[in-house]
Amino acid sequence: MLVNPVKRAYLALESWFNISFGPEWNPLYHLGTLSFFLFWVILVSGIYLFIPFHGSVEGAHASVEYITHEQWYVAGIMRSLHRYASDAVVITVLLHMFKEFASGRYRGFRWFSWVTGVPNLWMVVTLGITGYWLVWDELAQYIAVGSAQLMDALPIFSGAMTRNFVSGGMTDRFFILIEFLHLLGQPLILVFLLWLHVKRLSNVEINPPRGLAMGTFIALLALSLWHPAVSHAPANLDSVPRELRIDWFYLNVYPLLEYWPARQVWMLTTGVTLLLMMLPWLLPKKDGPRAIVDLDHCNGCGICFEDCPFDAISVQARTDGARYEHEVVVDPALCGACGICAGSCPASNPFRTPRGELKTGIDMPQLPAEEMRRLTREAVTTISAEPKIIVFGCEHGLNVKRLDRADTRGIRLICSGMLPPTLVEYALKQGAAGVMVVGCRENDCFYRFGNRWTRMRFAGERKPILRARAERERLLMHGAAEPDLREIEAELEQFRGRLRELERAETGVAQS
Amino acid sequence: MLTNKPVRYLLQAINYSVFMALIWYFASAPSIRIIADDEAVITIAFSHAGQLREPCRQLTQEELNELPPNMRKLDDCPRERSPVTIEALLDDEPFYSATLQPTGLFGDGGVNVFHRIKISAGEHLLSLKMNDSVRVDGFNHALERAVKIDPAQILLVGFDSDEGFILSGGREKQAERFNKIPEISVLLIPPEAVRRVAGNGFRAERVRRSGPPG
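Going down the list, the protein sequences come from chains B and X.
Counting from 8, one number per residue, gives the positions in the first sequence under this note's numbering.
Counting from 80, one number per residue, gives the positions in the second sequence under this note's numbering.
If you're looking for bench data, these hints aren't it; they were derived computationally from the structure.
Where is the CB? At the ideal position from N, CA and C, for every residue including glycine.
Mixed in with the good hints, there may be bad ones.
What the hints assert, rightly or not - No more than 20 angstroms apart at the CA atoms, straight line, and that leaves these computed lysine to aspartate or glutamate pairs for DMTMM-like: (1) X:K197 to B:D245; (2) B:K106 to B:E212; (3) X:K197 to B:E250; (4) X:K197 to B:E265.
Claimed, not checked - Partial pick of chain B residues on the chain X-facing surface, computed with a CB cut under 10 angstroms: (5) W23; (6) S27; (7) W32; (8) I225; (9) A226; (10) P241; (11) D245; (12) I253; (13) Y261.
Stated by the list, open to error - Derived CB-CB ranges, DEER-like: (14) X:V97 to B:G218: 16 to 24 angstroms; (15) X:I245 to B:V279: 35 to 43 angstroms; (16) X:I111 to B:L203: 31 to 39 angstroms; (17) B:M221 to X:A177: 53 to 61 angstroms; (18) X:L89 to B:E496: 26 to 34 angstroms; (19) B:H234 to X:I111: 16 to 24 angstroms; (20) B:W47 to X:P85: 26 to 34 angstroms.
Working from the sequences, and respecting the hints, build out all of it.
Laid out in structure tokens, this is it:
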């Protein structure tokens with residue numbers, strides 16, 4: 008399989024960053040928000056640079072030289088920040104793509120975010136290209152001629168573009184067009200594409216943790232001071248630049264034009280783009296059955312609507328004549344089949360129908376609330392040693408079945424977020440000494456918010472809360488991926504020790 | 080996760096350094112060589128509309144009478160234009176040869192010519208031929224000229240319907256250098272003077288120009 012080595016590589020990188028940054032600041036968990044932050048740096052520095060910049064064929068290079076050398080202490084640093092933050096965006100966007108691919112978050116119901124994400128990369132690259140063009144140095148000349156060659160290979164231009172970049176062909180009007188594209192046209196298209204990219208997500212975050220943002224900014228500033236961005240010699244359309252220091256993050260396609268006709272370059276870039284966009288169907292994975300609403304048990308409270316990470320649930324006017332004002336409706340096209348809604352439904356409380364079948368307002372056909380309750384009851388009764396521990400785990404993190412021992416039973420859920428907090432109470436009531444919940448690695452939930460919502464529910468910060476009478480010391484939550492088995496076993500061993508101490512203390516109190 | 084803060088920050092600093100080193104290096108390296116030290120470039124770049132495939136026909140009085148008064152024009156000119164055939168030779172070696180079809184849905188648009196070639200700098204004999212009319216056999220425009228081009232310079236070949244092929248490079252500076260080349264011969268060939276001959280397939284009268292060549 009192709010994905011497994013890729014996933015292993017990603018998990019190794021993730022582990023390294025977890026060691027040095029911790030899960031809160033791990034850049035791999037914030038690649039999207041980090042890209043947004045870099046856009047802010049680019050925007051602010053770009054606005055500043057626009058003030059002294061002279062947008063004309065004759066004035067552009069001189070004004071950039073002024074920015075770089077005369078006012079190096081502000082404008083020069085701004086220019087370097089503008090360039091290096093732009094380069095950093097390409098890295099974060101590529102890493103973002105790699106991460107989503109490696110962790111399988113590009114197919115199934117996520118196809119829309121993946122497909123709309125790929126053009127974002129091209130938009131970023133073309134934005135960078137027009138930025139380099141504005142300097143109007145030898146590199147800009149090289150880009151201009153190369154871009155014109157590429158444009159001319161398209162049927163709409165049919166050879167008319169390139170003649171703009173022969174001696175005397177470049178005019179201020181054309182320069183202003185590029186300026187307009189870079190300053191307004193392309194950023195607006197990018198904002199639209201970004202909006203499209205996150206359209207199927209709820210609770211979208213655009214700011215990285217402050218510590219990560221500060222660290223990134225300080226690093227960019229240090230690089231800007233140590234190695235300021237500079238230009239090549241002014242563009243001269245009467246001669247060919249001999250050697251160029253090109254920015255490979257943005258201009259990697261242009262050297263191909265020295266070897267291939269423009270049409271072949273188009274075929275390569277279009278082919279790679281289409282291949283990337285088609286990955287959800289080339290390496291497909293079927294999602295599980297979607298969530299189903301049972302109106303007989305739904306009062307339209309809307310907690311599942313608040314918790315759904317993919318905006319698949321809406322609250323609408325009641326249609327079944329029941330006395331409630333609202334009902335919830337699941338859009339199967341958007342549903343990720345994660346089960347977080349089932350965990351959030353107050354009707355998933357296993358104590359509701361002690362003898363009859365447990366029916367809840369919104370449920371997963373592949374693992375209904377009744378089945379979760381049955382598995383829990385069965386697990387507690389089949390454990391033969393003390394202290395009895397039930398480990399709830401998710402399908403995308405560590406396989407908790409690997410933790411099965413005489414005193415421990417693992418139950419796999421779709422996502423840790425589908426665990427109703429009352430099921431923890433239920434397990435303890437049934438005779439478990441402790442409950443451990445193992446979700447995906449912290450801040451890296453496959454379904455975005457499973458870990459976070461569960462932790463908040465346990466802490467009483469999000470409905471449905473774990474009731475106060477549930478003994479918190481008998482509950483342990485931890486994030487883990489497949490390679491983290493040893494770490495989890497060590498945690499589990501400590502947990503066993505704590506539970507034994509609790510048992511001893513309680514036995515002592517009872518005897519005295 | 081490390082609990083020792085100084086070690087953690089040190090590791091973070093290392094990570095940021097690697098990130099910035101990656102940016103620093105690939106933002107400007109490795110550099111690419113566009114042209115060798117002793118090379119120059121010839122660029123053929125112009126837009127030109129081929130001549131009409133069919134000549135204009137004068138309408139007869141009867142035909143004019145049938146037309147509404149506001150649409151009566153003496154000539155009926157078909158829109159379709161001829162393809163443009165170009166051949167370019169450097170020191171008698173062909174380096175560009177193309178037949179470009181007229182653009183537009185009705186084949187009535189011009190053609191855009193663009194071709195670049197790297198050559199060794201120095202003196203060369205440049206020959207350019209073009210046919211822009213299906214009604215003429217062989218080439219009806221041509222230019223042959225000894226050119227001298229410096230390393231990294233671009234010699235630009237343009238075309239104007241009235242003036243024929245135009246060479247320029249380095250604007251005035253380059254034009255001055257051309258002026259210093261002795262014995263520059265320019266071919267100005269009216270269509271009727273062009274005729275096919277055996278051998279090289281092309282022959283024309285050589286015209287000497289007095290004064291600085293264009």
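> Looking at the structure, which of the earlier hints fail to hold?
Replying inline: 10
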